[in-house]
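Colleague: Here is how the chains run, residue by residue.
2 protein chains.
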Amino acid sequence: MTLTMTTAMPPPPGVRVGLIDSDIHNTPVPGALARYLPERWRAYHERFGRRGYTGAYYPKASPAAARTDAWPPTGGPPGSDLAFLRAQLLDAWSIRYGILNTLITIRNQLRDYDAALGQAINDWQLAEWLEPEPRLRASLVVPCDDGDLAAAEVYRLGGDRRFVQILLPVRTSEPLGKRRHWPLYEAAVVHNLPIGIHFGGGSGFPITGAGWPSYYIEDHGGMAQSFQAQLISLVCEGVFEHFPTLRVVLIEGGFAWLPALKWRLDRSWRRLRDEVPHLRALPSEYVDQHIWLTTQPMEEPARPEHFLQLLDELGGADRLLFATDYPHWDFDSPDQALPVRLAPTVEQKIMVENARSLYRL
Amino acid sequence: MTLTMTTAMPPPPGVRVGLIDSDIHNTPVPGALARYLPERWRAYHERFGRRGYTGAYYPKASPAAARTDAWPPTGGPPGSDLAFLRAQLLDAWSIRYGILNTLITIRNQLRDYDAALGQAINDWQLAEWLEPEPRLRASLVVPCDDGDLAAAEVYRLGGDRRFVQILLPVRTSEPLGKRRHWPLYEAAVVHNLPIGIHFGGGSGFPITGAGWPSYYIEDHGGMAQSFQAQLISLVCEGVFEHFPTLRVVLIEGGFAWLPALKWRLDRSWRRLRDEVPHLRALPSEYVDQHIWLTTQPMEEPARPEHFLQLLDELGGADRLLFATDYPHWDFDSPDQALPVRLAPTVEQKIMVENARSLYRL
Chain A
1 MTLTMTTAMP PPPGVRVGLI DSDIHNTPVP GALARYLPER WRAYHERFGR
51 RGYTGAYYPK ASPAAARTDA WPPTGGPPGS DLAFLRAQLL DAWSIRYGIL
101 NTLITIRNQL RDYDAALGQA INDWQLAEWL EPEPRLRASL VVPCDDGDLA
151 AAEVYRLGGD RRFVQILLPV RTSEPLGKRR HWPLYEAAVV HNLPIGIHFG
201 GGSGFPITGA GWPSYYIEDH GGMAQSFQAQ LISLVCEGVF EHFPTLRVVL
251 IEGGFAWLPA LKWRLDRSWR RLRDEVPHLR ALPSEYVDQH IWLTTQPMEE
301 PARPEHFLQL LDELGGADRL LFATDYPHWD FDSPDQALPV RLAPTVEQKI
351 MVENARSLYR L
Chain B
1 MTLTMTTAMP PPPGVRVGLI DSDIHNTPVP GALARYLPER WRAYHERFGR
51 RGYTGAYYPK ASPAAARTDA WPPTGGPPGS DLAFLRAQLL DAWSIRYGIL
101 NTLITIRNQL RDYDAALGQA INDWQLAEWL EPEPRLRASL VVPCDDGDLA
151 AAEVYRLGGD RRFVQILLPV RTSEPLGKRR HWPLYEAAVV HNLPIGIHFG
201 GGSGFPITGA GWPSYYIEDH GGMAQSFQAQ LISLVCEGVF EHFPTLRVVL
251 IEGGFAWLPA LKWRLDRSWR RLRDEVPHLR ALPSEYVDQH IWLTTQPMEE
301 PARPEHFLQL LDELGGADRL LFATDYPHWD FDSPDQALPV RLAPTVEQKI
351 MVENARSLYR L
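Taken in sequence, the protein lines are chains A and B.
Heads up: the first sequence begins at 1 in the working numbering, then just goes up one per residue.
Heads up: the second sequence begins at 1 in the working numbering, then just goes up one per residue.
Calculated from the structure, these hints are not laboratory results.
Check before you lean on any hint, since a few could be wrong.
[To be verified] To spell it out: a stretch of chain B is covered by chain A in this simulated footprint if at least three of its residues, at any positions, have a beta carbon under 8 angstroms from a beta carbon of chain A; those stretches are:
id, region
1, 17 to 29
2, 68 to 80
3, 130 to 143
4, 186 to 195
5, 208 to 215
6, 260 to 266
Cβ coordinates follow ideal geometry from the N, Cα and C atoms, glycine included.
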């Protein structure tokens, strides 16, 4: 690993040219956001801050859910030091572009504070990440339970091409197909920005339809079910019928569950289409047209040929985006991300081209 | 369709010999259970009855979730008339054995009433279904949120071989791996009865980890996620480590999602095994050893070869049990249940042999 920038140098042998990492987590050091908040909300933020919520948690043994080697020598939390992130991630793996997803969930807490906090996070991203590092792009952080407020933030900054996506957590207080979220989709379409839905958040309710589980591994394994629920909601509520150019990226939710979900929804739709007459296509067709998925956590079948079957059932690899999830504990490294060797053109799509096209890089 | 019993006659051409239907729903006519309740709870049952719960519902256009042709001429609800069920299901399809799953969820309402209601339902099944019709077997209905009470009912009747399973709804108020449920598993193992977990029930919380959905099709599609949650809970809590002979049947939850879940759990376990040191095998190994699945609703990939891939990913068809879901609206008929033709030995396993062996028929 080199600690200097290497973008102008040829990559070392075996390192892919132009790699795009679609899920990197940057984090403010304590106090960083306060500088971007107006006086009224700076005081509130420092005295009260965001309320807790009953969502995903992380093992104490992995503070901040981070790789143990990801704590910057300068002292802040993992993902808080640009120079360290440059060296440990962008330079080390010759990453051409990296997409920042700042994981700060803004719920319906206090409307003006929610709005100010979203603005502060995005202004902080612009000033401290996007300005100094041209390889980085970022997702707009917006309130996740208030479509109007979220849309306002998209209209404020969505014209800046360094923001390539709008970020929501997968666990919201109501499913993302509900009408309260539609003003956000309108804004996303206006600015041609995909909606990224990321592992995490919290609904205030149990993560399962059968109550609260006991273990972190259940929470971690169970998050894929919230992705399934959001996808069902987006399709069945007619979001993609109403917003035919809307694109949605499911980030850190896995993807092996998708074929089964499409089959099940199509079968249900054939029998229940009277209930959803606003759907004019098979549910699977909306999925095929509107959904992208990131690779981390990579699916790892016990038998490698089942990974190839999975790609076949997905209809190919055109919608998969490579992601490391840096600096988190379950980081997928670029050289070991794929459980089997794929045709070079297929690997190139997953590691580079799909993200380049989706995010217009 | 004949309206007389045909078990002694050869089946018509094309009809399989010895077919076993692993999911049939019988229902009491109004007032039927009262005769099996003790005086104290008969009055309570008639005046107050079971409280509602916020669980699965059915479209008004399909009252009782039933096939429109399944209403008996004698006037009761679908599944309430043995003679009609004999003619429309057992005789018509030459079914050798049918497993009755009475869908009455008994929650934590009032302990003595809960116990009396379970006893009444099972006594009613014995007197009005199992005694008069030797082709039928039944699942014991037990309170689903109280392991001690459920175990007591298993000890009361589990020695009667006409009861071949213990029935729980997939949506419980706490996941089925929790210790409160373990006394039931102890009783199940003592009587060598599988636990059947069936579509339905209600936790009191939303079915999704992201709040309440809008449409029935979302509820219907989302139920598979509750099955995933229960399977994760059973495995991660160590139920199968503690009860190595326990068998679990997932009924009406689909099965195409299972390979992805096994891959995800195995990957999580490799990274998080410190949290669950009581697990001495890979999660997928517990699944492979302890889980059976019914076919209805049959998975219907858009491309038939994907059904064959699915069987390959499942490791074969040894754990699939054919089911019609009679008399419900999404009935799978025996002659059209499989979306592709399989090898005769494989079809024979799914339609007959797997259930015969599991239920000791």
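Colleague: The structure should be examined with respect to each hint, and the outcome stated for every one.
Modeller: Quick rundown of the hints versus the structure:
no.: 1; hint: 17 to 29; result: violated (count 0)
no.: 2; hint: 68 to 80; result: violated (count 0)
no.: 3; hint: 130 to 143; result: violated (count 0)
no.: 4; hint: 186 to 195; result: violated (count 0)
no.: 5; hint: 208 to 215; result: holds (count 8)
no.: 6; hint: 260 to 266; result: holds (count 7)
Violation of the numbered hints given earlier is confined to hints 1, 2, 3, 4; the remaining hints are satisfied by the structure.
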